[in-house]
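J.: The residues making up each chain are set out below.
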Amino acid sequence: MQYYLITKWFGSFLLDSQKNIVEQFLFSKDEQKLMNKIEIIRDHRVLNEEKKLADKHNPIVIEKRLQSLGSFQINNSFFSTIQINSESFGFSKELLHSILLKISKEQVDSSLSSPDYQVIQQVNALDELQHIANVLSERLAAWNMYISDEDNQKPIVTVLQQVEKNQELLKQQIETDVKNLAPNMTELIGPMIAARLLSHAGSLKKLAMLPASSIQLLGAEKALFRFKKQGGRPPKHGVIFQHPSIGKAPFRLRGKHARLLSAKLCIAAKADMFTKRFIASDLKKELEENLKNK
Amino acid sequence: MVLKNNDQLIRKRNKLFTRNPEQCNGISVYGEQLKTINGSQYRSWNPYRSKLAAALLKKKFTLSLPENSTVLYLGAATGTTVSHLSDLISNGTIYAVEHSPISMKKLLSVVEPRQNIIPLFEDANHPDRYFSIVPQVDLVYQDISQRNQSDIFIRNMNMYLKPGGTGIIMVKARSIDVSLPPKKAYRIVEHELRDQDVTIHQSFSLSPFEKDHAAFVLQKQG
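Chains as they are written, first to last, in this note's numbering: chain A, 93 to 386; chain B, 1048 to 1269.
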């Protein structure tokens, strides 16, 4: 006899191939207890109820989360013919609405408070401060073409001084934060370029999942898409150009150096995200050797 | 497209209005106009902001969406279209999937007074992760600007759409491949959809409301 294991938000069910419910565990209607169950499911863990139901039956499951309990078949058409209605078990839609509203709020807040999101906001804020400083100093330069009254300029001068002072402060903040978040990448290319790479990728996890060739071109999107649309020459480097080993290299070596650097960065990002081991000193040694062997 | 929803949807000249439910009276979700028609409050539906409104204004196509339909909405973003859809199916349920935390934050404030929207902070690339929440649905609607958007749509449709149910997919040509002319990008999507067990009822471009976007309306066999 072939069995199927289905878990809905209000309970776990074991069905036979005639679509009859053989065995079931309904969850508690208490909001807090139900929330705990759904949290476990959303963490991709297996519930105790599911273990009990699956025991010795080796059921077919549709969720990858449950693959240890039976055979995982995502395209099995049996599951699309099953409707287990929550209301017939006494669980209302209002309950689901209020639970998921709470869970989603918690998850959104935790991902917005993550350190990589904070670093990205700081980098963007720094760019904006830079922009403001440029605009204001341009205005002052234009104003000072003819000797003018300093008192008239005072409002702008004080803002400009403030902006410049706070830029330094923000930069220091970023440097310490990035060093904590991504020590390997910071060691390889310095905190500011590491922070910029993060802001282009969107998060540390996304950066760690990128191939080296994508890291090489982060920040050169405009040039890359121009190349894809209209042809011409593809870009060799994005924000990593700011690193002296590329920016100060002879023109014909820049592409090669960009490839070598981004390959090592790719490894460093993975170490920062997943293993959290410090391997940057080895990477740096290898990189320097590779750069010497032209 | 023509929606068959008695007085939930009103069309006046070239403008669409959906009826604001009582608990949301006075709330404008994205700065849209509120208007009282026949004694109840309606919200104007901006076709430049919502691709479903654009599709409704572009073509004559009958989509039967009863008040108690269930909808799986992929790529809910900040809830512009979702809020109007929630007006239309007042007794139904919308499962709104969104992966970006910033969009989700705004979406949650739309969802709070609307009992018929269930928010899901998930990645539509992995449809099995919300199997415990989402049942078999009458309509799968997708508006995701991803290169593999047709693949995402197909996997969700196979898992959640009832046989005979409707699928609507809004294709952004520029995210399929920037280097291709839009028509070729649409053809790629169309080929992928034709390999499935579906009939494509209609496909049309959404200009002038959206540039380089097309809508596909299809039905699952069975």
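It should be emphasised that the hints constitute simulated quantities derived from the structure, not laboratory data. One or more of the hints may lead you astray.
Heads up, simulated DSS-like pairs for lysine-lysine below, C-alpha to C-alpha not over 27 Å straight-line [to be verified]:
{"#": "1", "chain 1": "A", "residue 1": "K298", "chain 2": "A", "residue 2": "K257"}
{"#": "2", "chain 1": "B", "residue 1": "K1153", "chain 2": "A", "residue 2": "K197"}
{"#": "3", "chain 1": "A", "residue 1": "K376", "chain 2": "A", "residue 2": "K297"}
{"#": "4", "chain 1": "B", "residue 1": "K1152", "chain 2": "A", "residue 2": "K197"}
{"#": "5", "chain 1": "B", "residue 1": "K1230", "chain 2": "B", "residue 2": "K1152"}
{"#": "6", "chain 1": "A", "residue 1": "K143", "chain 2": "A", "residue 2": "K121"}
{"#": "7", "chain 1": "A", "residue 1": "K194", "chain 2": "B", "residue 2": "K1230"}
{"#": "8", "chain 1": "B", "residue 1": "K1153", "chain 2": "A", "residue 2": "K321"}
{"#": "9", "chain 1": "B", "residue 1": "K1062", "chain 2": "A", "residue 2": "K185"}
{"#": "10", "chain 1": "A", "residue 1": "K314", "chain 2": "B", "residue 2": "K1230"}
{"#": "11", "chain 1": "A", "residue 1": "K156", "chain 2": "B", "residue 2": "K1267"}
{"#": "12", "chain 1": "A", "residue 1": "K320", "chain 2": "B", "residue 2": "K1267"}
In silico negatives: residues of chain B with every beta carbon more than 10 Å from chain A [as the list claims (entries may be wrong)]:
{"#": "13", "residue": "D1054"}
{"#": "14", "residue": "S1087"}
{"#": "15", "residue": "Y1095"}
{"#": "16", "residue": "M1151"}
{"#": "17", "residue": "D1175"}
{"#": "18", "residue": "K1209"}
Where a beta carbon is used, it is the ideal one built from N, C-alpha and C, also for glycine.
J.: Against each hint, give a clear statement of whether it holds in the structure.
T.: Now the hints, each set against the structure:
no., hint, in the structure
1, A:K298 <-> A:K257, "violated, 33 Å"
2, B:K1153 <-> A:K197, "holds, 11 Å"
3, A:K376 <-> A:K297, "holds, 22 Å"
4, B:K1152 <-> A:K197, "holds, 7 Å"
5, B:K1230 <-> B:K1152, "violated, 35 Å"
6, A:K143 <-> A:K121, "holds, 21 Å"
7, A:K194 <-> B:K1230, "violated, 43 Å"
8, B:K1153 <-> A:K321, "violated, 34 Å"
9, B:K1062 <-> A:K185, "violated, 33 Å"
10, A:K314 <-> B:K1230, "holds, 23 Å"
11, A:K156 <-> B:K1267, "holds, 25 Å"
12, A:K320 <-> B:K1267, "violated, 36 Å"
13, D1054, "holds, 23 Å"
14, S1087, "holds, 23 Å"
15, Y1095, "holds, 25 Å"
16, M1151, "violated, 5 Å"
17, D1175, "violated, 5 Å"
18, K1209, "violated, 8 Å"
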